[in-house]
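Peer 1: Input sequences plus hints: build the corresponding full structure.
There are 2 protein chains.
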Amino acid sequence: MAPVKVFGPAAFANVARVLVCLEEVGADYEVVDIDFMALEHKSPEHLTRNPFGQIPAFQDGDLILFESRAISKYVIHKYKMNEANLMREGNLKEATMVDIWTEVEAHTYNPALSPVVYECLFNPLLQGIPTNQKVVDESLEKLKKVLEIYEEHLSKHKYLAGDFISFADLNHFPYTFYFMATPHAVLFDSYPHVKAWWESLVARPSIKKLGASMAALTT
Amino acid sequence: MAPVKVFGPAAFANVARVLVCLEEVGADYEVVDIDFMALEHKSPEHLTRNPFGQIPAFQDGDLILFESRAISKYVIHKYKMNEANLMREGNLKEATMVDIWTEVEAHTYNPALSPVVYECLFNPLLQGIPTNQKVVDESLEKLKKVLEIYEEHLSKHKYLAGDFISFADLNHFPYTFYFMATPHAVLFDSYPHVKAWWESLVARPSIKKLGASMAALTT
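Chains as they are written, first to last, in my numbering: chain A, 1 to 219; chain B, 1001 to 1219.
Hints are computed from structural coordinates only; laboratory data are not their basis. A portion of the hints provided could be inaccurate.
When the alpha-carbon atoms are kept at most 27 Å apart in a straight line, the in silico DSSO-like pairs for lysine-lysine are as follows [to be verified]:
#1 80(A) / 1093(B)
#2 80(A) / 1144(B)
#3 78(A) / 1142(B)
#4 78(A) / 1080(B)
#5 93(A) / 1144(B)
#6 1042(B) / 144(A)
#7 156(A) / 1005(B)
#8 93(A) / 1080(B)
#9 93(A) / 1093(B)
#10 42(A) / 1144(B)
#11 1078(B) / 42(A)
#12 1144(B) / 142(A)
Peer 2: Structural data, given as C-alpha cells:
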C-alpha cells in the first residue's frame, strides 16, 4: 500500500494535528512540503486539493481530503484495527465524550490559547510582526478561566474524554506545544492536574518525535 | 422511553442546531428553557450540565452532554435506525466528507456569516447595541469568497458532502436562517446553486417547523 500523503510544512500546528494521529496509529506516510511564504497553498495545484487554499491537505490514493480535524478522524477510523481506538468507535457514550472535548478544543481552548502563540512566537519569529501585548493579556485572562475548568475536570478523569487517551487529547498537542515555548508556559504550573496531563502527553513517542522538528521552528 | 431534554431557548442558533437533528430523526424530545437574560446559564445547576456555562446542554437519562455539534452527532448515532443516516455511518469516505463540510461550517463559513447576524439582528434587537457597519462590511467580503467556493462545489454536488443530505447541510441551517432575516439576504441571489441548496433545506418539514418559532425572534 502506497504511503498516504500530508501536504503542508510538518511544523505547522494544523499539520502536526494530523501527523500525531498518523504516528499514533503507525501509518506509513509522507509529508509533501508546501512553501507557505511563496503562497504555494494558494496555487492552482493546491486549490484542487483544498478549494479554500489552506493547509493541510491529505491524499490516500484517489481520495483527497482537507480540514485537519476531519483528516485526523479519517486516519483514526481507517487504521481502527490499532488497539488505541482513539475515537472510541463502537461505544457511543465514550465516542461522544471524545467529540465533546474535541469541540471544546476548537471553540473554547484554542481561541484562548492560540492568540498567545501567534503573538509571542509565530508573528515575531516568522513574520517580524511585534507582539501585541493587549491581545496576549486578554487571551491569558480567558485561558485562566478555561484552565480552571480543565483542572477540575482532569482531577476526576485521567484524560479529557475519560480514563483513556483519545483524539480529544492529541488534538490539544500542537498549539499547547508551541504555547510551552512562550514566556507564559509557567501558567500551567498553577494547574497541577492539567500539567500532569500535558506531561503524560509529551512523554508519548509520537509527540516526542514530532516535537523534535517543531522545536526547531521556535529557536 | 422518557423524552431526551435540550436545555436552552429553542430559538438560539446553537440550540436549533440540535433541535433540527432531533426533528430529522423523529426523536421524542423536550426543550427546557434557560433564561439567558437572567444568566441562568451561569447558575450552579446549569454548570453541572456544562462546566463552561454555555447552551445548549442535553440530557438522556443519566447522560449529560454539551457542545451543540457533539450533541447533534450523538442524536444522529443514537437514532441511526432512521433511514436518513445523516453522518453516513458505515461508509468511511462519505462519513469523512460529512466531517470535512461540518468543519468548514465551523471554521470558515460561520466565522464569515455569523458576525453579520450578530451585528444586524441579535445585537440591535436583543441587546439594544447598534450595528457596527465596519464588522458587517468586512464579514460580507469574507462571506463572498466563501460563497464563491460553495457555489463551485454545489454546482457539482446536490448537497455539501455529496448527493445526499447530511449533518453537514443541517449544521448550516440556524445561522443561515437568521442571515436571511438581515438586509443582506439578497447576497445569496448571486450564487444560484447555493440559493437552490438553501431552498431545498428550508423546504424540509424539520426546518419549516423550527423556523416558525425562530422567525418570532426577529420580528
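Peer 1: Work down the list of hints and note, for each, if the structure agrees.
Peer 2: Checked hints:
1. 80(A) / 1093(B): holds, 14 Å
2. 80(A) / 1144(B): With Cα atoms ~39 Å apart, residue 80(A) and residue 1144(B) exceed 27 Å; violated.
3. 78(A) / 1142(B): Status violated; Cα separation ~34 Å.
4. 78(A) / 1080(B): holds, 21 Å
5. 93(A) / 1144(B): violated, 39 Å
6. 1042(B) / 144(A): At roughly 17 Å apart (the allowed maximum being 27 Å), residue 144(A) and residue 1042(B) satisfy the hint.
7. 156(A) / 1005(B): holds, 25 Å
8. 93(A) / 1080(B): This hinted pair holds, its Cα atoms lying about 14 Å apart.
9. 93(A) / 1093(B): holds, 23 Å
10. 42(A) / 1144(B): Holds. Residue 42(A) to residue 1144(B) sits at ~17 Å (cutoff 27 Å).
11. 1078(B) / 42(A): violated, 40 Å
12. 1144(B) / 142(A): Given that 27 Å is the threshold and the Cα spacing comes to 31 Å, the pair is violated.
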